[in-house]
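J.: Using the sequences and the hints given, assemble the complete structure.
Protein chains: 2
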Amino acid sequence: MKPLEGVRVLDFTRVLAGPFSTKILADFGAEVIKIEKSGLGDDTRSFGPFQNGLSGYFVFLNSGKKSVELNLKDEKSIQLIKQLVKDVDVVVENFRPGVMKKFGLDYMTLKKEKEDLIYASISGFGQSGVWHQKPAYDLIAQAIGGIMSINGYEDTPPTRVGSSLGDTSAGLYLTIGILTALFHRSRTGEGQQIDVAMADTIYSLLESNIMRYTVDGETPHRIGNRHPISAPLDTYKAKNGYLAIAIANDALFNKFAQVMNREDLIEDSRFYTDFERAFNQKALKLEIENWLKNYSKEQAALILDNEGIPCAEIYNIKEISESNYIKERNMLVQVDQQQYGEFTIPGNPIKLSSLKDKNNNVTRAPALGEHTEELMDQYMNQMVEGGRES
Amino acid sequence: MKPLEGVRVLDFTRVLAGPFSTKILADFGAEVIKIEKSGLGDDTRSFGPFQNGLSGYFVFLNSGKKSVELNLKDEKSIQLIKQLVKDVDVVVENFRPGVMKKFGLDYMTLKKEKEDLIYASISGFGQSGVWHQKPAYDLIAQAIGGIMSINGYEDTPPTRVGSSLGDTSAGLYLTIGILTALFHRSRTGEGQQIDVAMADTIYSLLESNIMRYTVDGETPHRIGNRHPISAPLDTYKAKNGYLAIAIANDALFNKFAQVMNREDLIEDSRFYTDFERAFNQKALKLEIENWLKNYSKEQAALILDNEGIPCAEIYNIKEISESNYIKERNMLVQVDQQQYGEFTIPGNPIKLSSLKDKNNNVTRAPALGEHTEELMDQYMNQMVEGGRES
Chain E
1 MKPLEGVRVL DFTRVLAGPF STKILADFGA EVIKIEKSGL GDDTRSFGPF
51 QNGLSGYFVF LNSGKKSVEL NLKDEKSIQL IKQLVKDVDV VVENFRPGVM
101 KKFGLDYMTL KKEKEDLIYA SISGFGQSGV WHQKPAYDLI AQAIGGIMSI
151 NGYEDTPPTR VGSSLGDTSA GLYLTIGILT ALFHRSRTGE GQQIDVAMAD
201 TIYSLLESNI MRYTVDGETP HRIGNRHPIS APLDTYKAKN GYLAIAIAND
251 ALFNKFAQVM NREDLIEDSR FYTDFERAFN QKALKLEIEN WLKNYSKEQA
301 ALILDNEGIP CAEIYNIKEI SESNYIKERN MLVQVDQQQY GEFTIPGNPI
351 KLSSLKDKNN NVTRAPALGE HTEELMDQYM NQMVEGGRES
Chain G
1 MKPLEGVRVL DFTRVLAGPF STKILADFGA EVIKIEKSGL GDDTRSFGPF
51 QNGLSGYFVF LNSGKKSVEL NLKDEKSIQL IKQLVKDVDV VVENFRPGVM
101 KKFGLDYMTL KKEKEDLIYA SISGFGQSGV WHQKPAYDLI AQAIGGIMSI
151 NGYEDTPPTR VGSSLGDTSA GLYLTIGILT ALFHRSRTGE GQQIDVAMAD
201 TIYSLLESNI MRYTVDGETP HRIGNRHPIS APLDTYKAKN GYLAIAIAND
251 ALFNKFAQVM NREDLIEDSR FYTDFERAFN QKALKLEIEN WLKNYSKEQA
301 ALILDNEGIP CAEIYNIKEI SESNYIKERN MLVQVDQQQY GEFTIPGNPI
351 KLSSLKDKNN NVTRAPALGE HTEELMDQYM NQMVEGGRES
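First to last, the protein sequences are chains E and G.
Here this note's numbering is used: position 284 in the first sequence is 284, and no number is missing along the way.
Here this note's numbering is used: position 87 in the second sequence is 87, and no number is missing along the way.
Simulated from the structure, these hints should not be mistaken for laboratory data.
Just to be clear, a hint being listed does not mean it is correct.
Identical copies go unnamed one by one, so any copy, or any two together, can satisfy a pair.
[To be verified] Straight-line alpha carbon distances no greater than 25 Å define the calculated PhoX-like cross-link-like pairs of lysine-lysine that follow:
1. K102 x K73
2. K114 x K356
3. K356 x K101
4. K111 x K356
5. K2 x K111
6. K112 x K101
7. K111 x K86
8. K2 x K112
9. K356 x K112
10. K37 x K111
11. K327 x K73
For clarity, every value in this text was computed on a predicted model and none was experimentally measured.
T.: Here it is, written out as structure tokens:
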């Protein structure tokens, strides 16, 4: 039995944040029934990159789900959904607050169909309050959530995190909320509502930077790649690119100085302790890059690795994707999208011993409306029967 | 009943990734018993910022947990833990792979004490494989995981995300794994092992950038704050700082042009469609900043907000922390650390309707060893009795 086998999720989410969450549920065996707009489907079906006309963006976010095409402005569709809700455990949506209510599919309405329903929403800024109608673009959530103010170098403008962290972090937190609610329901029989806002999840990822403000009144700013209180812990320029080096204690620093043939640095009062090295990190960086200019990043990484000095090359997406590491961890898996060919999509980073298959239980994404008929047959009949009985 | 009430977590984690995960479990009502190194405790007890000598870093990550001081190299402590394990649901640890085995506390050993144990580990690069002994600094995980290669501007070096995303993302994914395993156990009676690697979780957050590589063979690079296929969707310079504007369709763009008194842009063939605007985004940016130079970012945000143009000021940590939004969402909460005074720490971003108290169920962090005696009394007695019986 897969961990979430038998859990039924009715998924109204579109684009990134919501589908990112329900994709994790699908990977663990939940039955995720994705409701898609008649004729068009999820917006991401028209986002690139395409392989034989099928969107890779859509496939990676929706593999393992079912697709049902419905027009939410059509009364019959709403009646069908209300029938279906009686048999589902979780409803997930990421419309702008108020839209599900306009459809007649808000929590209070659906709760009448199923008392112990779990109803999970992602929005930019919460289901109510000052900014709840603000649009939920990732850039907007990152701008308001504070992370752009501490991402980047001293001399660069505020910097958006280079992937859609507002969406993905909201997806992860929502998944935690849904699983917590499922566990709660398994013990109490009670459903509940979950409200996750992208701006809140970005704010949560600021971690100790928030404490520096609330305790010391300090406003942390951008400091590039270096560490605020340790050195050398930064990226350093080698002959052909950058290398990350992470040293936070004296013993390792002494070893590092020896590797560089610079025992004099050990005796240098500017670099005696981690505290002094952090204070004089600019001068220390010059010394390190003076050594690194003789080596490629690959050579330097090899030398330091051999001596047990924590370091890493900085991989681009091709390099990490082609690494033995990613292969070994099954972090890229293949799904067979039939006439569109095989797609290579990210694997599940949560390795459960109860789910040991190499493909991480990942299966292909559905065609638009692939499961409409199956569901229609079942629930339309129930509706007719329900009608006859009453 | 709180959602995770009665769930007992034995928490060997230190510093950030692990404590970030078990803190979420504690917020939802789990009993988290934090095992701390005798005399010293979690490293973060000595990290700033300090208030009256108590670490704010420690408090925010460990509020709501219990603290038990033990020396894991002491045989009596190990025996005590084995007794305790019989009564816990989840063990969590983030030592370097192999360390728990050296202590005699690996999964296979503890499973003998409790057959259905859930055993959850965070490491830099997984419990086995090519890089499993590589140290798990956040910088190292970010460097290898690929995100630094797409974070920052075209002309800046690879850029570390400005908060410890390697740690926090691993903490979030591990929490999802633990909750999935708890649900699985509630239905099957089976425990399991969970292996989450920081490099994998960073890789997972690359989202569609991975698809651009696997489908098109493209290696995405840094592009600053702009959107790869829509414009104007970027940050723009106003008189006193930057503003985020997010427009991805023609109707909104036309409105925006009117607001700027630049109806000519609507007729400009370079800006006809989203596709053309993205292609000519540099020229478009000049036009927008030419308008913005007459306004402060606050003034411009007000004008655009009023017209329904998606935009946002870019808040620093002080600005977002002091906003009405954060207050309204209870994203900062107070905990009373007794003689150290009140601490203001981040609230829980997952708003569950079953947990409606204003403080998000967050309580204070423990003193080092505050719960040692309570536990010793209970389990030492059991060990003696166990000894007598056999």
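J.: For every hint, state whether the structure bears it out.
T.: Outcome of the hint check:
Taking the closest pair of Cα atoms, K102 and K73 come within 25 Å of each other only inside a single copy of the chain (9 Å); across copies the shortest separation is 62 Å, beyond that limit. Taking the shortest alpha-carbon separations for K114 and K356, only the inter-copy value of 22 Å comes in at or below 25 Å, while the best intra-copy value is 34 Å. For the identical chains of this complex, K356 and K101 are inter-copy neighbours only, at 22 Å across copies versus 41 Å inside a copy, given an alpha-carbon limit of 25 Å. In this assembly of identical chains, the alpha carbons of K111 and K356 lie at most 25 Å apart only when taken from different copies (18 Å versus 37 Å within one copy).
With identical chains, the CA atoms of K2 and K111 are at most 25 Å apart between copies only, with a shortest distance of 21 Å across copies and 27 Å within one. Taking identical chains as interchangeable, the C-alpha atoms of K112 and K101 lie at most 25 Å apart only when both belong to the same chain, with a minimum of 14 Å there against 52 Å between chains. Proximity of K111 and K86 under a CA criterion of 25 Å is satisfied intra-copy only: 9 Å inside one chain copy versus 39 Å between copies. For the identical chains of this complex, K2 and K112 are inter-copy neighbours only, at 24 Å across copies versus 30 Å inside a copy, given an alpha-carbon limit of 25 Å.
In the homo-oligomer, the alpha carbons of K356 and K112 lie at most 25 Å apart only across protomers (21 Å), although the nearest pairing inside one protomer, at 39 Å, exceeds that limit. In this homomeric assembly, K37 and K111 come within 25 Å of each other (Cα to Cα) only inside a single copy, at 23 Å, whereas the closest approach across copies is 48 Å. Proximity of K327 and K73 under a CA criterion of 25 Å is satisfied in neither setting, with 45 Å inside one chain copy and 36 Å between copies.
Checked against the numbered hints above, the structure violates only hint 11.
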